[in-house]
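Participant: Chain by chain, the residues run as shown.
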Amino acid sequence: SQTIHQWPATLVQPVGSPLSLECTVEGTSNPNLYWYRQAAGRGLQLLFYSVGIGQISSEVPQNLSASRPQDRQFILSSKKLLLSDSGFYLCAWSVSSADTQYFGPGTRLTVL
Amino acid sequence: GDSVTQMEGPVTLSEEAFLTINCTYTATGYPSLFWYVQYPGEGLQLLLKATKADDKGSNKGFEATYRKETTSFHLEKGSVQVSDSAVYFCALIHNNDMRFGAGTRLTVKP
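The listed protein sequences derive, respectively, from chains A and B.
Under the working numbering, think of the first position of the first sequence as 1, with each following residue one higher.
Under the working numbering, think of the first position of the second sequence as 1, with each following residue one higher.
These are calculated hints, taken from the structure and not from any lab test.
For glycine and all other residues, C-beta sits at the position ideal for the given N, C-alpha and C.
Be careful, since some hints might not be right.
Selected chain A positions facing chain B (Cβ under 10 Å, derived; list incomplete) [stated by the list, open to error]:
no.: 1; residue: S67
no.: 2; residue: F103
no.: 3; residue: P105
Label-pair distances were calculated between CB atoms; the ranges are [claimed, not checked]:
no.: 4; chain 1: A; residue 1: Q13; chain 2: B; residue 2: E16; range: 31 to 37 Å
no.: 5; chain 1: A; residue 1: Q13; chain 2: B; residue 2: P10; range: 26 to 32 Å
no.: 6; chain 1: B; residue 1: S83; chain 2: A; residue 2: V60; range: 24 to 30 Å
no.: 7; chain 1: B; residue 1: L13; chain 2: A; residue 2: S20; range: 25 to 31 Å
no.: 8; chain 1: A; residue 1: A98; chain 2: B; residue 2: D54; range: 37 to 43 Å
no.: 9; chain 1: B; residue 1: K56; chain 2: A; residue 2: S20; range: 18 to 24 Å
no.: 10; chain 1: A; residue 1: P14; chain 2: B; residue 2: D54; range: 26 to 32 Å
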């Protein structure tokens with residue numbers, strides 16, 4: 001069966017510091033991968049998606065970036081965090097863009 | 001563009017009450033429809049789905065029927081429990097694009 005992991009579970013970072021969040025999927029090959037952000041008490045915002053290694057599409061302009069160095073690994077990064085980057089970051093995978101998305105446990109990021 | 005509208009929360013019910021969370025969508029053609037549940041501090045879990053008109057998705061006592069004529073996918077449960085307290089998201093996939101509703105927070109009191 002397929003599983004999706006996110007690391008770390010929680011993170012507290014000062015403004016201006018760098019960020020690296022990791023997402024890995026097991027039990028499937030060549031998945032579509034997604035990064036979402038959920039601000040406190042709000043809905044989901046799609047940040048990035050990837051249909052293959054090295055292929056990244058950005059949905060909104062921001063100071064975040066994403067990379068996919070391996071088939072089942074998706075990384076969310078920032079060179080300098082802003083207060084507004086605080087939130088709950090969710091990674092998801094699907095077999096294709098038309099299929100069900102399955103979510104990871106999330107990373108709670110607090111920028112102080 | 002495609003969109004999903006779900007009833008605003010929060011919704012507060014007593015244990016064993018009947019639950020309905022309304023969800024309507026806007027899309028041309030036939031999207032696939034989903035309900036996800038998010039428990040506090042966790043990611044989203046797929047609760048149920050339906051991929052064509054008149055399909056009924058069901059899981060853990062929850063049900064939703066894909067109604068093309070009313071463009072709706074309302075979530076129902078006959079008897080809620082305290083453990084059902086969570087945020088519920090309605091969503092669709094159409095033309096390889098996924099859209100989520102804003103979420104409805106449900107609190108069930110003993």
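Participant: The hint says 26 to 32 Å between Q13 of chain A and P10 of chain B; measuring C-beta to C-beta, is that right?
Facilitator: 31 Å, holds
Participant: Is 24 to 30 Å right for how far apart the beta carbons of S83 of chain B and V60 of chain A are?
Facilitator: Cβ of S83 of chain B to Cβ of V60 of chain A: about 35 Å, so the range 24 to 30 Å is violated.
Participant: With a cut-off of 10 Å, does the beta carbon of P105 of chain A approach a beta carbon of chain B closely enough for the hint to hold?
Facilitator: Because about 5 Å separates P105 of chain A from the closest Cβ in chain B, which is inside the 10 Å limit, the hint holds.
Participant: The hint says 31 to 37 Å between Q13 of chain A and E16 of chain B; measuring C-beta to C-beta, is that right?
Facilitator: At 44 Å between Cβs, range violated.
Participant: Could you check if F103 of chain A really has its C-beta closer than 10 Å to a C-beta on chain B?
Facilitator: 4 Å, holds
Participant: Is it true that A98 of chain A and D54 of chain B lie within 37 to 43 Å of each other by Cβ?
Facilitator: 20 Å, violated
Participant: Under the criterion of a CB-CB separation shorter than 10 Å, is S67 of chain A in contact with chain B as hinted?
Facilitator: Hint violated; S67 of chain A Cβ to chain B Cβ min 21 Å, cut 10 Å.
Participant: Is the gap between the beta carbons of K56 of chain B and S20 of chain A within 18 to 24 Å?
Facilitator: About 43 Å separates the Cβ atoms of K56 of chain B and S20 of chain A, which means 18 to 24 Å is violated.
Participant: Using the beta carbons of P14 of chain A and D54 of chain B, state whether their distance is inside 26 to 32 Å or not.
Facilitator: Violated, since P14 of chain A and D54 of chain B (Cβ atoms, about 54 Å apart) do not stay within the stated range.
Participant: Range first: 25 to 31 Å. Now tell me if the beta carbons of L13 of chain B and S20 of chain A are that far apart.
Facilitator: Violated, since L13 of chain B and S20 of chain A (Cβ atoms, about 42 Å apart) do not stay within the stated range.
Violation of the numbered hints given earlier is confined to hints 1, 4, 6, 7, 8, 9 and 10; the remaining hints are satisfied by the structure.
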